Amino acid sequence: MPGTMTRFFISAATALSLSVSAGALFAAPEGVLRVAVGADPETFDPHFNDLPTGNTVDKLVLEGLFRLDNQNNVLPELAEEWGFSDDGMTFTVKIKPDRVFSNGDPLDAAAVAASFNRLLDPEVGAIYRGLYSSIGEAVATDDTTVEFKMATPNGHILLLLSSTTATIVNTKAIETMGAEYSRMPVGSGPYLVESFVGGERYRLVPNPTYQGDYPATLEAIDFLVVPEDGSRMALMETGEVHIVERVPPEAVETINALPQAEVIQPPSMFSINMELVLRGPLEDPKVREALNLSLDREGMVQGILGGLGTVSVGMVGPGTQDELRRTYDPIPFDPVRAKELIAEAGYQPGQIELTMTCPTGRYIKDVQVCQAVQAQFQAIGVNAKANIVDRGTWSNVAATPPADRTDNMALLGRATAGIDFTLFRLFSTGVSANTTGFSDPKVDELLLAGRSTTDIDKQREIYGEIQDIIWDTQPFVFLWYQKQALGVADSVSGFEVQPNETMNFDQVRLTE
Amino acid sequence: MFVLNRLAAALPTLFIVSLLVFWFVDLIPGDPARILAGPMASQDEVEVIRDRMGLNEPGPQRYLHFVGGLFDPDIAVSLRTGRPVATEISERLPNTLIIAIGGLALGVILGTTTGIICALRQGTWVDTVITILTLGGISMPIYWLGLLCIWLFAVHLGWLPAAGAESWRHFVLPILAVATRPAATFSRLVTASLLEVMGRDYLDTARSKGLTEAQVILRHALRNSLVAAVSVAGVQFGAMLGGSVITETVFGIPGIGRLLVDAVSRADYPVIQYSILMFAFFFVVINLVTDLITLWLDPRMRQNVRAR
Numbered sequence: 001m002p003g004t005m006t007r008f009f010i011s012a013a014t015a016l017s018l019s020v021s022a023g024a025l026f027a028a029p030e031g032v033l034r035v036a037v038g039a040d041p042e043t044f045d046p047h048f049n050d051l052p053t054g055n056t057v058d059k060l061v062l063e064g065l066f067r068l069d070n071q072n073n074v075l076p077e078l079a080e081e082w083g084f085s086d087d088g089m090t091f092t093v094k095i096k097p098d099r100v101f102s103n104g105d106p107l108d109a110a111a112v113a114a115s116f117n118r119l120l121d122p123e124v125g126a127i128y129r130g131l132y133s134s135i136g137e138a139v140a141t142d143d144t145t146v147e148f149k150m151a152t153p154n155g156h157i158l159l160l161l162s163s164t165t166a167t168i169v170n171t172k173a174i175e176t177m178g179a180e181y182s183r184m185p186v187g188s189g190p191y192l193v194e195s196f197v198g199g200e201r202y203r204l205v206p207n208p209t210y211q212g213d214y215p216a217t218l219e220a221i222d223f224l225v226v227p228e229d230g231s232r233m234a235l236m237e238t239g240e241v242h243i244v245e246r247v248p249p250e251a252v253e254t255i256n257a258l259p260q261a262e263v264i265q266p267p268s269m270f271s272i273n274m275e276l277v278l279r280g281p282l283e284d285p286k287v288r289e290a291l292n293l294s295l296d297r298e299g300m301v302q303g304i305l306g307g308l309g310t311v312s313v314g315m316v317g318p319g320t321q322d323e324l325r326r327t328y329d330p331i332p333f334d335p336v337r338a339k340e341l342i343a344e345a346g347y348q349p350g351q352i353e354l355t356m357t358c359p360t361g362r363y364i365k366d367v368q369v370c371q372a373v374q375a376q377f378q379a380i381g382v383n384a385k386a387n388i389v390d391r392g393t394w395s396n397v398a399a400t401p402p403a404d405r406t407d408n409m410a411l412l413g414r415a416t417a418g419i420d421f422t423l424f425r426l427f428s429t430g431v432s433a434n435t436t437g438f439s440d441p442k443v444d445e446l447l448l449a450g451r452s453t454t455d456i457d458k459q460r461e462i463y464g465e466i467q468d469i470i471w472d473t474q475p476f477v478f479l480w481y482q483k484q485a486l487g488v489a490d491s492v493s494g495f496e497v498q499p500n501e502t503m504n505f506d507q508v509r510l511t512e
Numbered sequence: 513m514f515v516l517n518r519l520a521a522a523l524p525t526l527f528i529v530s531l532l533v534f535w536f537v538d539l540i541p542g543d544p545a546r547i548l549a550g551p552m553a554s555q556d557e558v559e560v561i562r563d564r565m566g567l568n569e570p571g572p573q574r575y576l577h578f579v580g581g582l583f584d585p586d587i588a589v590s591l592r593t594g595r596p597v598a599t600e601i602s603e604r605l606p607n608t609l610i611i612a613i614g615g616l617a618l619g620v621i622l623g624t625t626t627g628i629i630c631a632l633r634q635g636t637w638v639d640t641v642i643t644i645l646t647l648g649g650i651s652m653p654i655y656w657l658g659l660l661c662i663w664l665f666a667v668h669l670g671w672l673p674a675a676g677a678e679s680w681r682h683f684v685l686p687i688l689a690v691a692t693r694p695a696a697t698f699s700r701l702v703t704a705s706l707l708e709v710m711g712r713d714y715l716d717t718a719r720s721k722g723l724t725e726a727q728v729i730l731r732h733a734l735r736n737s738l739v740a741a742v743s744v745a746g747v748q749f750g751a752m753l754g755g756s757v758i759t760e761t762v763f764g765i766p767g768i769g770r771l772l773v774d775a776v777s778r779a780d781y782p783v784i785q786y787s788i789l790m791f792a793f794f795f796v797v798i799n800l801v802t803d804l805i806t807l808w809l810d811p812r813m814r815q816n817v818r819a820r
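So the sequence lines, in the order shown, correspond to chains A and B. Yeah, the first sequence ends on 512 if you go by the numbering used here, and it's all consecutive. Yeah, the second sequence ends on 820 if you go by the numbering used here, and it's all consecutive.
In case anyone wonders, no lab produced these hints; they're calculated from the structure. It is possible that part of the hints are untrue.
To be verified - Only some residues are given here: those of chain B computed to face chain A with a beta carbon under 10 angstroms:
{"hint": "1", "residue": "Ile561"}
{"hint": "2", "residue": "Thr599"}
{"hint": "3", "residue": "Glu603"}
{"hint": "4", "residue": "Pro653"}
{"hint": "5", "residue": "Tyr655"}
{"hint": "6", "residue": "Ala666"}
{"hint": "7", "residue": "Gly676"}
{"hint": "8", "residue": "Thr724"}
{"hint": "9", "residue": "Arg731"}
{"hint": "10", "residue": "Glu760"}
{"hint": "11", "residue": "Pro766"}
Said to hold, decoys possible - Rough simulated footprint, nothing fancy, chain B against chain A, three-plus residues with beta-carbon under 8 angstroms:
{"hint": "12", "region": "246-256"}
{"hint": "13", "region": "442-451"}
On a predicted model such as this, the values are computed, not experimentally measured, just so you know. Yeah, the Cβ is synthetic: ideal placement off N, Cα and C, and Gly gets one too.
Excised from the complex, chain B in its bound form (with noise of 0.2 angstroms):
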């Protein structure tokens, strides 16, 4: 039942960010017909292309032609290539993906295991050079720390390729950069949280049961940072898919965030606006999906839900 409800009203959001991304073509400076034809062409060949695009039909139609490109891939193509834009999509979509998630799943690995280190070495030199080096993680601009990754792996070391998506080693120092927020984030969460509950009653009581120390950090400690830990993952993994419009371009990677900074600066429009739609979709979904997910791990929050 909850589950429905979220979707029903996930709904009302996406018919918005419709409506927006549809409308935005006309806030856009410049005439689209005209960034496609070029400053050299003639008006006669604008007007060809803005027929073509469908511009001079009334916005209302226009708006209905968008929506039924989301179910006939034959009506949304790409004005740059002609092919569906789903097929562009579907093409790229994997690449972001595998950044986007093995970036997370390194982050996490890092991050938790650097903070329980900090945690159970809270005042120690281990904890200063891993908070400071958390701090950096967090402050570092992506595009910076991915033009550092390619200068010292693969300039300098000599260890990875530079840029392209041939191979799994390709991937390396994208997933490398994009782990750092998360990495840094997840740290600086879990130290906070366990340091939090280190002196409560409940963990003696688990130690009193004979476990030991990991077990008890492991099952019980880390289990009340979860919570907290699955919405900032939420989060991250939403921004790492907007970042990686910066982390395609410099690892030279054809993502998603490549195929939309590219449809930008041809004003392929069609591609920019289901693109961003499928953002915003992932973006609700991702929200569902950590919403489950926190509900599955907190006992009072499902009970919340069943009260209401």
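Next up, chain A with everything else stripped away, as it sits in the complex (with noise of 0.2 angstroms):
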């Protein structure tokens, strides 16, 4: 088969593994990092994970087909040659052969189409299977082939494919091992879980079988389990660990000031916005033009999250497929602006009463900021008023129906690695996660010529198209995106963090 595919991404593969493999000639593994997360991952089963923390670990004890660098952009990993058949059918991919697991069995292509078709079984029930609908099934054809099968054309099958979520689990274990597999899962990536005491800590060691690109640089990495913000901080002021994720606004400047540590804000994929439920005045543009200029975005970013944030430029976050990212000039602060566009679509001053809910404690000062919005609403003479709720009743009206929702607004985050992901759930016309009741015929046309399209330029015009669309016609009130913040020890050099809170271990050394 591979002789009838279109290669149209081997020559930038081979480039890329050549000048990985010139950087490959690594010393031996030195040193135990100490990192301290806020997160208990509980599963690393990668079908079940959802939290960065468990990313972390899935890139490092797990291969996939392809994998994401610090960008996102989209690298090969276990695959050597890849193409979709002429109808876009078919997407084949050759791996590399003679590959095995961390407890022996071989990671041949009947052991990925396993792993994919756990992925994609409805009995599974992995979470993100949606995501993967247009696939219909993995096939091994031989050792080293696997044919996905399509269910729907999908152009951007490579970044679904370089997701953790799509990594190599081995099923063989899985069946021997059962839940216990979630938190010592056998992959064939530079390490392997050594030990993993629940809600506390889990070790990571060199895999000894481990035959690719980004071989194990640390003897080990300890990862510490510490929810509570003042005291993950002191672990990282007194040294205890080298790295310290979520680092609140409050304590950068403390962690500053250390003489062994700063902090590090890689950007974030993370998009904040307030999701209008588009009826009532919410329907004219000018309202929503107006609400879109009464906030200033710079002053909340430094004065509630301590410069955590970066003011919107789009509706998708950075690293959201940048190649197809569209930004645009910043959003002015005009309340003046604002209160003649409220004027001219007929309302008085506080004659348009709108409700925005928000949740508690899941995204940077969420509250604060829900304050601070109602507030500048209430400047231009619009009687707002922010209902700050838990975070389930947060999750269901976010996800009710525009029809059945009985406020305006909601503060939400969005962050998915795909474009298409991302704005298909949120503005195809009746869509589940469309929940501002969004309708446009040419965005939906649109949206369904980017999914089915494998060119890259096409794709490049066509989401660009839709980005325009939803930037002008303002169907949120755009806020920014997050900005991590993580502690340092000036002792590890080589650390990164990806636009998906995805940290990266692959160049990280010690020096003690």
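Two independent chains are provided; combine them into the complex using the hints.
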């Protein structure tokens, strides 16, 4: 089959793997890196994990056909050659030969297909199955060839296959290990999980059978789970850990003042917005524009988020397929013009009443953000009320169909690796995550066209147009993209974090 | 006989708690399946999860399933990890018990000692200082106290680790923090009950037998406060188990409290339900043990029980 493949990525792949092996004169693994994380991953099974801390481990312990680099670009990992059939309904991947899992089981095409078919099996109930529904099934045709039989054409398949959700699990080991597999997954990555003490810590050590391009650089990586912000920061202050994640805005200065560490602020793809329910006054574009003009975003980012944000320049956040992403000028802060627009739309000051639903503790300073937004809406004569609720209520409101919503907007963050996934679910008419009621026949048409094309230039054009329409019609009050904040000791080099908040230890060295 | 009666009386309590715990899933705002699936999930995905959680079955059947889980660990599995809830709990219970028992023991020792000192040195500066400290100990929220302990002993002095549960040293600060409240309570209690009996004739009798002052206090005067102390200890121990939610979060210790908090935030209902049921069971057991000890200590009560 490879002969009939359209090999549109192969030359790039060869160039990349060359550049990687050039750096492959690796020294022996050295040092024990200690990392304090804020969230307990609970499961490393990539089909059930939904936390960046879990993704981080999956990336170290399992291998995918592809993987993402620090800018979320797609690189081959187990894949050697790949391409679509002419009708776009079969995607064939040739994998590197003679690979094994850390327990010695062969990692051949059959193992790859079994891993994907587990992800796609409704009985298994993998949490991101819906994201992969364009793949019908995976079939191994020989030892190194896997064919993905598409249910519907999908021009974004490389992105799907490079997510940690699509890393290869050992289904035979799952059968024998049962639920224990979720804490001690058997993979083929550079590390393996040596121990896992639920809720407290887990330790990764080099996998002796690893054959890929990113061999272990550390003797061990110890992760400590410390949910309480103050205690986690204390671990950094005492020097008990080298890296601490989720530095709260108020602690950034303290960590930076330490002689041995500093805070890094990598961008996050998390795009935070007030998603409007498009009915009543909010059906009027002038009102939506007024709300967008009423906010001092930069002031809120500095004053409330402590700088842990970047004002929005487009709906999708940075790192969401940057090759397809379009950015615009930030929306100005112009309350005078906002008031005029409200009057032009035919409303008296105080006549528009809006309720916003806000979560507590889901996004950086979400409660304070909502209160500030409410005050600024009121300043332009919109009678706004912030309804601050627990996570359960908030999830429920955010999932309610637009016709049944009793509020007018909700504070929501969106982060998915793909532009198609983000935009299709939010802006296609009538799909379930479209809780704003946004409906535009042109956008519907473009979204379908974008999904089925495999031509990158065409995709760029199509998704560019969709993003233009969304930025112009303003179905959201756009806010900002969150920034991550991690404390990193000076003794650590080569540490990076992806925009999807997955930590990357490929090049990490410890000098002490 | 008394023990059997009490055990029999505990069963309805546990039954009612189990009903409440089961029922509360329906009361929690939001749809558990939706919370687990996240806001980006489609309705179909939510349906699959709802099915997997068994939420589509009728109420009584779900309750039977829930109760069945108490006897068959393979039925009661965490929605997040797929492991039996019994395993999750048994892995973490020791940490919680170490802190609760350690904290209570330290609290009793500290509290009794300072209480005796206060009673003997009533009105002196020692008494005043200890009284102020105990008032502080009773009023100080454990959350704040825990962070202060970390700041002082880990960050500032560097004597002990700030968080985690890797070695015995990690347990020193949490035990110290949770011991504060029982220590303060005991101190006040012992002082009060000693002062009450100090002038009594039976102590003079003891002295006249030639006992030293220490023997008089420890053997005779203190015994009087024991009954009250035991019931207070029972209450404190229960409060500590409940308070473990906070202690374990602050000190990054994987115990039952943390398990419960994490389960709540991840909408892992089986873990929430069985953990709460276990807490209820502990309270019942603690009450029973407290009653038994009281009975053993106080002959008058023993007679009451027999008379019944």
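Evaluated hints:
The criterion of a C-beta within 10 angstroms of any C-beta in chain A is met by Ile561(B), whose closest approach is roughly 6 angstroms, and the hint holds. At its closest, the beta carbon of Thr599(B) sits 9 angstroms from a beta carbon of chain A; the interface hint therefore holds under the 10 angstroms criterion. A cut of 10 angstroms between beta carbons decides the hint on Glu603(B): the least distance to chain A is about 6 angstroms, and the hint holds. Of the supplied interface hints, the one on Pro653(B) is violated, with its beta-carbon coming no nearer than about 13 angstroms to a beta-carbon of chain A, more than 10 angstroms.
A hinted interface residue such as Tyr655(B) counts as satisfied when its beta carbon comes closer than 10 angstroms to some beta carbon of chain A; here the least separation is about 9 angstroms, so the hint holds. Annotation: Ala666(B) was flagged as interfacial toward chain A, and the flag holds, the nearest CB pair being 5 angstroms apart, inside 10 angstroms. Taking 10 angstroms as the C-beta cut-off, the interface hint given for Gly676(B) holds, the closest approach to chain A being about 5 angstroms. The closest approach between the C-beta of Thr724(B) and any C-beta of chain A is roughly 47 angstroms, which is over the 10 angstroms cut-off, so the hint fails.
For the restraint placing Arg731(B) at the interface with chain A, the shortest Cβ-Cβ distance is roughly 44 angstroms, beyond the 10 angstroms limit, so the hint is violated. For Glu760(B), the interface hint holds, the least distance from its beta-carbon to any beta-carbon of chain A being 8 angstroms, beneath 10 angstroms. At its closest, the beta carbon of Pro766(B) sits 3 angstroms from a beta carbon of chain A; the interface hint therefore holds under the 10 angstroms criterion. Three residues within the 8 angstroms Cβ limit are the bar, and the region 246-256 of chain A against chain B gives 0, so the coverage statement is violated.
Requiring three or more residues with a Cβ within less than 8 angstroms of a Cβ of chain B, the coverage given for the region 442-451 of chain A is violated, as only 0 such residues are present.
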